[in-house]
Structures are given as C-alpha cells and as structure tokens.
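In case you want the letters, here they are:
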Amino acid sequence: MNAAAPICLMVVEDDDAVRQVLRLSLEDDGYQVVEARGGEEALQLLADADPDVLLVDLMLGGMSGFDCIREVRRARDLPIIVVSARQDTHDVVAGLEAGADDYVTKPFQIKEITARIRALLRRAGPPATLDPRPGAATAPESIVIDAGGREQPLVLDRAGGRVLLGDAEVHLTLTEYRLLLELAESPGQVLSRAQLLEQVWGHDYFGDDRLVDVHVRRLRTKIETDPSEPRLLVTVRGLGYRFDPG
Amino acid sequence: MRWPAPRSLRGRTVLFFGAGSFAVAAILAGSTAVLTRDYLMDQRLESVQRRASVDARVVAARLDTAGAQVDDILAGLNPFGGSAVLVRHHDRWYSSSLDVGPSAIPAQVSALAGDGRPALQVVQTGAGPTAVVAIPMPTVNGQLFELASLQELAGTLRALTVVLLLGTAIAAGAGVLLGLWFSHRLIDPLDRLAAASAEIAGGRLSLRLPATDDRDLEPLVGSFNRMVDALAARIETDARFASDVSHELRTPLTTLVAAVDLLRGRRDGLGAGQQIALDLVSTELDRFRRLLDDLIELARLDAATGTADSPEVDLRRLVAEVLRARGETAFLAAGVQCLVRADKRRLERIVVNLLDNARRHGGGVSGVEVSGREGQIRLAVDDAGPGVPPEERERVFARFATAGARRGSSGGTGLGLAIVRDTAVHLGGTAWCTSSPQGGARFVVRLPEARES
Numbered sequence: 001m002n003a004a005a006p007i008c009l010m011v012v013e014d015d016d017a018v019r020q021v022l023r024l025s026l027e028d029d030g031y032q033v034v035e036a037r038g039g040e041e042a043l044q045l046l047a048d049a050d051p052d053v054l055l056v057d058l059m060l061g062g063m064s065g066f067d068c069i070r071e072v073r074r075a076r077d078l079p080i081i082v083v084s085a086r087q088d089t090h091d092v093v094a095g096l097e098a099g100a101d102d103y104v105t106k107p108f109q110i111k112e113i114t115a116r117i118r119a120l121l122r123r124a125g126p127p128a129t130l131d132p133r134p135g136a137a138t139a140p141e142s143i144v145i146d147a148g149g150r151e152q153p154l155v156l157d158r159a160g161g162r163v164l165l166g167d168a169e170v171h172l173t174l175t176e177y178r179l180l181l182e183l184a185e186s187p188g189q190v191l192s193r194a195q196l197l198e199q200v201w202g203h204d205y206f207g208d209d210r211l212v213d214v215h216v217r218r219l220r221t222k223i224e225t226d227p228s229e230p231r232l233l234v235t236v237r238g239l240g241y242r243f244d245p246g
Numbered sequence: 001m002r003w004p005a006p007r008s009l010r011g012r013t014v015l016f017f018g019a020g021s022f023a024v025a026a027i028l029a030g031s032t033a034v035l036t037r038d039y040l041m042d043q044r045l046e047s048v049q050r051r052a053s054v055d056a057r058v059v060a061a062r063l064d065t066a067g068a069q070v071d072d073i074l075a076g077l078n079p080f081g082g083s084a085v086l087v088r089h090h091d092r093w094y095s096s097s098l099d100v101g102p103s104a105i106p107a108q109v110s111a112l113a114g115d116g117r118p119a120l121q122v123v124q125t126g127a128g129p130t131a132v133v134a135i136p137m138p139t140v141n142g143q144l145f146e147l148a149s150l151q152e153l154a155g156t157l158r159a160l161t162v163v164l165l166l167g168t169a170i171a172a173g174a175g176v177l178l179g180l181w182f183s184h185r186l187i188d189p190l191d192r193l194a195a196a197s198a199e200i201a202g203g204r205l206s207l208r209l210p211a212t213d214d215r216d217l218e219p220l221v222g223s224f225n226r227m228v229d230a231l232a233a234r235i236e237t238d239a240r241f242a243s244d245v246s247h248e249l250r251t252p253l254t255t256l257v258a259a260v261d262l263l264r265g266r267r268d269g270l271g272a273g274q275q276i277a278l279d280l281v282s283t284e285l286d287r288f289r290r291l292l293d294d295l296i297e298l299a300r301l302d303a304a305t306g307t308a309d310s311p312e313v314d315l316r317r318l319v320a321e322v323l324r325a326r327g328e329t330a331f332l333a334a335g336v337q338c339l340v341r342a343d344k345r346r347l348e349r350i351v352v353n354l355l356d357n358a359r360r361h362g363g364g365v366s367g368v369e370v371s372g373r374e375g376q377i378r379l380a381v382d383d384a385g386p387g388v389p390p391e392e393r394e395r396v397f398a399r400f401a402t403a404g405a406r407r408g409s410s411g412g413t414g415l416g417l418a419i420v421r422d423t424a425v426h427l428g429g430t431a432w433c434t435s436s437p438q439g440g441a442r443f444v445v446r447l448p449e450a451r452e453s
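Residue numbers (this note's numbering), protein chains in the order written: chain A, 1 to 246; chain B, 1 to 453.
Rather than coming from a laboratory, the hints here were simulated on the basis of the structure. The beta carbon of each residue, even a glycine, is placed where N, CA and C say it ideally should be. Certain hints may be false.
Unchecked claim - Covered by chain B, according to a simulated footprint, are these stretches of chain A (three or more residues, beta-carbon under 8 angstroms): (1) 100-110; (2) 150-156; (3) 192-206.
Given the sequences, and given the hints that come with them, work out the whole structure.
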C-alpha cells in the first residue's frame, strides 16, 4: 500500500472485540482505520474522516446497519461492505438493497476483507487507467445508452466516469457504473452472472448471484424509463443479463 | 370364500350404494311378483269355477228336458276363448271341442267328480297351463268338466317378471351412480385436504384451508389450520433460533479467527513452544469454525422448506468449478447441462463434502460423474479406498457417525455426509453409498432435474 496516502477505512461495529481486532488486523495490512461504535457515530464522523471504504455490521444497537447504509448512500458514492453474522437471503438482500456494494459473513479471515477492499478500490479510480484490458485504449469515449424513448439521450461518458441524461448527471454508485459499463461494452450479448461477478466484483464462480441481481435492479430504477418493464437491461432466463441499446 | 372388500373409501361407498339399492329393489320386485301372481291366479280360477257352475246348471236343466241331446246342449254353451267343456253323462263323454277328449281330465279330478264332489286342478298341457274344474250334476247323473287355458295369465305374469327384473337392474345401476356421486361429494373435502397437505409439505406454509360453514367439516378444517399454524410457528422458531445461535457464536469466533490470523503473521518472532501453541490454537479454531458451520447448516436444513424459489444451477459446471478451485485432478467428462433447482452454496457444500470424504477416508477421489436421465440428475464420487462394508453403508450418513478418535485424526467434523444426505433430501432427492467397479466406495447423490416453471 502507498505509505504516503494510506487508504482510510471506517469500521462501523458495535462489538468492541470485533472492532478492535479488525482495526489491528487492517492496520497491520497498512490501512488507516477509523472506528465507529454505531450508525449515528459513523454519520457524525463521516465528513471529517472522509473514508475511502465503509465496513458496516448489520446488527447494530441503536440505528440499524441498513439505515446507516441508506443515510451514507444519500451523500456519498464510496464503496460499502456489509459485515454480517447473518447470511440468510433476507438480510443479505436487504443490506444490498439499502445500498451496499458487497458483503462478507462472519467469521471471516482478514484476507477476505482486504481482497474485497482491493477489488472495490480497483474500480473506484478513474476507469481509463484502471481498466487495462486489451482494446480499452481504443474504446470510444462515450457510449450512447438510450437515444430514443425519452426527450434527451442517455450517454455513458467513459472519460468522465459518469452517465449523463442530456447535460445532467445520472447519479450512480461506482459499482452500478462499473456494472453498466460491463454490460454496455458488449451490447446485444448475454453476460452470465458468474461473468459479471468476476469482472465487476472480482469474485469467482461461487460468488453470490444475488449481488448481481440486486445491483441490476437498482440500476434499472435509475436508467430505465419503466423499471418494471426493462428495455435496456434485459434478463435472459437461466443465462444472465443483456444490454440492448435503446 | 371371502370376497375381497374394495380398498378405497370411494369403492366401498359405491359398492354399498349399488348392493343396497339392488337388495331393496329385489325384495320389492320379488314380493310384488309373488303377490300379483297369487292374486291374478285366484281371480282367474274363481272366474273359471263360477263359469263352470253356471254351465253345469244350464246343462243339468236342459238334460232334464226330454229328448235333449248333450251335443246340442254343449254347442249352445258357447264357451269363451280357449275354454272347452266336457260332459260325462251315463258314462258317455261329450266334448265341446274336437281337440279335447276325456284323456285331458286328470284321473284324480275325474274320480272326485264321480264321487259327486267338485274338484279343481291346474295341469300342464301342450298348450300351456290349464285349469280343470269338475262340477258334479247329481240330478242328471252326470259331471261337467270345464278346461280353461291359463296361457294368457302366464304371459301376463312373464311380462310382469321381465319388467320387475329390469326395474331391479335399473335400481342397482342408479344406486351405483348415486354412490359415485355421493362418494365424490364425500371425498372432495378429503381430496382438497390432501392437496393442501402436499403443498404445505412442499414449503407453502402460508397456505390455509378456506373456512367452511359445513358443521361436519368445520372441526376438521379448524384443526388442520391450527396444526399448520403451529407447524409454521415451530419452523419459524427453529429458524430464528438457528439464526440467533449462529449470530451469537459467530461474533466471538470472528474475533478469535482474526486475532489468531494476526498472531500467525508474527509467527516468526515467537519461540519454538509458542509457535506450536499458536499452530494448535489455529488448527483447533479452524476445526471449531467448520463444526459450527456444519451444525448451523444442519439446523437450517431442519428448519428449511421447499426449493421453489431457488435458481437453476448447472451441476456439471458447478462440480467442474469445485474441482478446479481445489486443484483436484479427478476427471469429469464434458456433457450437456444438468440443471437442478437449488442454492448454489448448498450444492457446492454437497460436492465439497463428498470430495473431502473421499480424501479423508477413501484414499483420494478416483472418479467423478454427473449424468442426467429421466428427470433425475445423478452425481457419483468414487474413491480409491477399500470401500464401505454393506452393513456400514447406511450408518455413514448418521451425524457424528465416525468414531471420535478417527475423526480427530482425519480432520473432519463427522457431519459432512449427514449434510450431504439432508441437503439432498431437502432438494427432493436422496444420497446413498455403494461400491465402485474398482472396489472403492461410491457415493451417489440423486436430485430432481429442474423443470421449466
């Protein structure tokens, strides 16, 4: 890790022992760690600490982890990783729907967390420098997502790492942006959940498909004219997802 | 000989209604036939007797008249259709019909009449049943015999019998139809109950029977719904308990695992004894963690219901990925997709546990096969060990089946195969152990193939 500008993590965890050991372990790996004992404290510290990644436990006393994630999401795009002892469908999906990018279940090994952090930060930087795939340099500066069906065209601006509807920016989280970019770079082609997990989240085949499903759902509410009848991000039953330029 | 009783409620009801209405109709028809026959016969015989008496008076009166010829008198009687009149006068026979002679008169009747007593007998002749009536005429020293055919009456009775038999058959048929309809009405609530039970067993715990205003069914519907309520509550409690235990145990375990991880990073700075101590803690912690995972998984399987919401997963691809991730060299043939409806994590667990089992107890994996046939997907893992003796093949799936000492050295939790079996059953399939053609053990998991929903 870069010693001059250590990456700052905020750990939101109400169990003192887990929080302490996380701090020790992550500092040992070269990260700077800010501790928050609950959701309220995390929101207070957020502006001053300006962390690069947020680690949130879902089961917090006081403000719940879900509410904490939602509140942070209103203001910031930073990657959020849920750390939870619960891996039931309900909790994981609720955490992701609140706005988390990825999740880790307890008990974890520190290297699992640092791998997730690295994967999320890899894509948090400017896409032109951190997208070293062959052909990326010659890729077009912008991709028209949706030309018809609405008053102004929806355009993915690769150079700026953002999506524009006319002149206004459509607010996407970094994961949503990266997912859209993956799909938009292969228009008309079906990408399996496993492929998307690998390319966007850096997971292997055994990653959780629900990560993809929840993020596609979130993305649809932001870029589809009618999210209940998606026209741009189409589900291909049993196979995955396909981007159809409008 | 005992007749086999129908095995179903429906069959018994139909039989009961059919046999019941047949019996009632047969008794009614039988008594009707007997009573009608007796009554009609009595009427007919009485009328024949009356007629004979009248004829006898007429013949006797005329014979008293001087010079009367018996033949002329008989011709004047004009007997009605089918009847014939014979007169014996001074031991000479006279007949109104050329076809009928004295031979038609039974000897008994003739003798009684000769003694001056009237007589009646029904005889069978070539032309059917005939009534023979004898009336003595003492004033003229003669007897009159009247022969009346009962053929018409017999025809009427035959027609009546046919009608009654037909009626009985129709009544029995109607009884069967009524039984069918009735048994349908009777069984219909049971059918609905069975369908609801099957759906609930399949995981639809929110399903309840609709309320009924039928006073006989209400207790059944009520207690069924209360039973499902209790079951759903119990399952939810179990699931929540498993989830709570999971959370409560995982949190301290998280601290331990991370802290030991941290120490392991500093292992080189420790003394030799401390290194051994750290390795022991690390190994045991890992085992504890796996044991907890397995116990929680079993608790979740016990509480889980249904797989209807699960995605489709290609088992062949999943097995290939597991083998690749573990660096196992076992050969898996390429082939068509083998889709099952299941949580990917659960399937992965089945495969990993089977491979672990082969490595720990069977001297390594010697072959892996995934195949699909007739709506079933089959996964077989062969090992290179000595095989499992037949009497042990069921016991190996029990929880903590491996003896404690062996478990300790093998590094397993003793729950791996129990999880394999429970997961397979949860997914609607089975798991069993047999022997491979090479003599090692073969563990087979069979799961239902995913169908278009």
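Right, here's what the structure says about each hint:
Counting residues of the stretch 100-110 of chain A whose C-beta sits closer than 8 angstroms to any C-beta of chain B gives 6, which meets the bar of three, so the coverage hint holds. With 0 residues having a Cβ less than 8 angstroms from any Cβ of chain B, the stretch 150-156 of chain A misses the three-residue criterion, and the hint is violated. With 3 residues having a Cβ less than 8 angstroms from any Cβ of chain B, the stretch 192-206 of chain A passes the three-residue criterion, so the hint holds.
In this structure, only the earlier hint numbered 2 is contradicted, and the remaining ones agree with it.
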